[in-house]
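*Asks:* Chain by chain, the residues run as shown.
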Amino acid sequence: MHTEALSLQGITKRFGDVTAVDGVDLDLPRGELACFLGPSGCGKTTLLRLIAGLEAPTRGRIHLGRDDITDLPAHRRKLGMVFQSLALFPHLSVAENIAYSLRVRGDAKRDRRQKAQELLELVQMPDVADRHIAQLSGGQRQRVAIARALALEPELFLLDEPLSALDAKLREEMQIELKLLQQRLGITSILVTHDQREAMTMADRVVVLNAGRVQQVGTPLEIYRRPANAFVADFIGTSNLLRCEVADGTRVRVHGHTIAVDSLPDGLRAGAGATLSIRPEDVRVQAGTAAEGDGRLGGTVAFVRDVGQSVELYVDCGELRLISHVPPRDKPAVGQGDAVAVELPAAACTVLAQ
Amino acid sequence: MTAGAAPGAAAGRGATLRLRPRHLLLTYPGAMLGVFFLGPFGIMLAVSFFQRVEGAFYEPAFVFSNYARLLSDLFLNNLAFSLSLSMLVAAVSVSLAFPFTYLLMRLSVRWQTLWLVFLLSVLSLSEVIVAFSWSVLLSKTAGVSNVFVWLGLLDSPTSYAPGFIAEVFGYGYLTLPYTVLMLYPQMSRLDPELVEAARTMGASPQRAFFSVVVPTMRQPIVAALILVFVFTLGIYLIPQILGQPQHWTLSVLITDQAIYQSNVPFASALAVFLLVTSLALIALTFVLGGRQRVGRA
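Taken in sequence, the protein lines are chains H and G. Numbering-wise (numbering that gives the first Met the number 0), the first sequence opens with residue 0 and increments by one. Numbering-wise (numbering that gives the first Met the number 0), the second sequence opens with residue 0 and increments by one.
These aren't lab readings, by the way, just hints derived from the structure by calculation. Check before you lean on any hint, since a few could be wrong.
[Unchecked claim] Chain H side only, calculated, beta carbon under 10 angstroms to chain G, not exhaustive: (1) A51; (2) A55; (3) I68; (4) L87; (5) R183.
Positions of the beta carbon are idealized from the N, C-alpha and C atoms, including for glycine.
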């Protein structure tokens with residue numbers, strides 16, 4: 000039995016000399032919302048357009064359920080897609096926009112009207128059916144675009160940075176609303192975004208992309224807690240990334256300091272170079288000095304940034320600069336120039352092969 | 000068009016008729032318009048009421064005989080033919096230029112520029128050259144029918160000019176570059192995601208073109224139709240070279256009256272009549288074309 004809704008095999012897309020997508024293999028389970036996350040130019044939008052049939056892959060196959068859709072033109076794929084510009088038709092009313100796909104399919108006028116109304120209720124805008132697009136606010140247009148993409152009850156729902164035009168507050172609200180809608184409908188969805196917070200909010204599964212390649216696939220917390228490489232660790236949230244050398248099976252050396260770690264990636268021997276990643280919220284800072292030991296370092300506070308909801312401490316330990324985030328209530332009584340003891344818990348230290 | 004209307008509307012809202020410094024800025028274009036456009040038009044309007052003097056030129060008067068004379072079957076039929084021809088050419092020109100401009104958008108910027116330069120260079124050709132080139136191209140001895148014979152499509156070469164079709168070809172050749180250049184700026188601003196959205200909703204490329212691109216571009220299409228219509232009303236050389244006498248337009252008759260018959264008052268009356276009729280038609284197009292207000296996303 001097929002549990003994958005969508006399966007990509009060795010998908011490569013070249014535009015002239017530029018390789019936008021480079022050998023992507025990916026299986027997305029039915030009913031989940033996956034996020035393609037990466038910096039601009041990483042190939043995430045191209046990958047979405049390949050799935051939608053708006054681009055043809057240079058190499059590789061795309062399967063939707065059991066069917067190979069690689070050579071199917073966009074208008075036969077029956078996917079719902081929300082575009083970055085929303086692409087609402089300015090010459091049609093809200094209801095006509097939503098019912099466009101039904102009209103193309105040849106549904107009767109009364110059925111189209113009824114379905115448009117149902118979809119408008121689904122996106123909580125029952126009263127705007129006869130308005131023109133120009134009369135709607137940004138958030139309303141957003142909802143119309145979502146309703147329109149769902150009109151054919153597609154197997155796959157594609158969203159290309161659909162919330163990027165909204166202001167920050169509305170965007171956060173829409174993220175939650177859209178996620179709840181997706182869960183209620185149980186529709187397999189792919190969301191393209193460069194906003195890691197948006198990905199963390201909405202995704203069941205995050206696909207981190209860089210330079211046309213998949214860097215890591217996992218749940219938001221997996222990606223955050225156990226980044227597969229330095230790129231992911233740096234791109235998802237902030238991270239202290241330290242060049243290190245493997246000392247033995249449980250310790251690495253960073254600028255002369257010895258730091259204990261829980262585990263090492265397979266195949267790293269003593270003396271091998273690697274990167275140590277630790278999240279700022281896992282770096283503990285206490286006033287006073289401490290004996291240097293596994294994961295304990297002495298340092299001086301270089302800078303304190305107190306922004307109210309969190310406190311950021313910049314600590315210099317010799318040549319090493321570490322950033323620590325602490326909640327305001329746990330803020331140690333230290334100021335710029337004070338000596339402090341820094342602790343890097345072994346469980347929070349991730350060693351990334353190079 | 001909309002941009003032109005906006006300052007007038009703003010001034011109207013001001014209600015007071017005080018002279019402001021920015022109004023002085025309008026004196027220069029206003030004066031130029033008065034001297035070079037309204038002045039000659041006023042003279043022509045006046046002359047259309049003058050009395051022609053046989054064997055001489057004309058003398059000032061205020062008679063309606065020139066207007067009375069144009070209300071004959073000959074001139075009214077000719078007016079109908081001229082207006083129909085211009086409408087036909089406008090329709091042909093826009094229906095060729097529109098898909099062409101749409102496909103032009105898919106080329107790289109470099110190729111787009113080359114095409115636009117080519118079209119601009121076509122505009123630099125004089126009407127006479129265009130007319131004679133087409134007359135050679137459609138002739139029996141050296142024309143395109145010889146190619147058809149060589150291809151086995153025809154038994155013997157024939158002549159396509161002078162004739163109505165040849166005339167339409169000549170008109171279309173002159174207006175096509177204008178139409179493309181008129182549609183290009185609007186088309187380049189068309190969001191390509193509109194068509195892609197239609198495609199993901201099941202519309203074939205053709206269906207997306209007709210159900211999304213054409214209606215979205217309705218205003219530029221109407222503007223281009225009007226431009227071609229007005230532009231072709233004034234053409235008077237091509238009908239004489241590529242058309243037979245029954246295909247001559249009102250502009251040909253005006254030229255004939257003014258230059259060969261030395262009847263400037265009657266020529267002026269014809270010109271005023273043509274102007275008023277075409278203005279009325281353009282106004283009608285605006286009323287019909289602008290009725291359904293289109294919101295811009």
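*Asks:* Are the hints correct? Go through all of them and say.
*Replies:* Hints, one by one, checked against the model:
Using the Cβ-Cβ criterion of 10 angstroms, the hint placing A51/H at the interface with chain G is satisfied: the shortest such distance is roughly 6 angstroms. The closest approach between the C-beta of A55/H and any C-beta of chain G is roughly 13 angstroms, which is over the 10 angstroms cut-off, so the hint fails. Hint status for I68/H: violated, given a least beta-carbon distance of 13 angstroms to chain G, over 10 angstroms. Look at L87/H: its Cβ gets to within about 5 angstroms of chain G, closer than 10 angstroms, so that hint holds up.
Below 10 angstroms, beta-carbon pairs count as interface contacts, and R183/H has none with chain G, the closest being about 22 angstroms; its hint is therefore violated.
In summary, the numbered hints that this structure violates are 2, 3 and 5.
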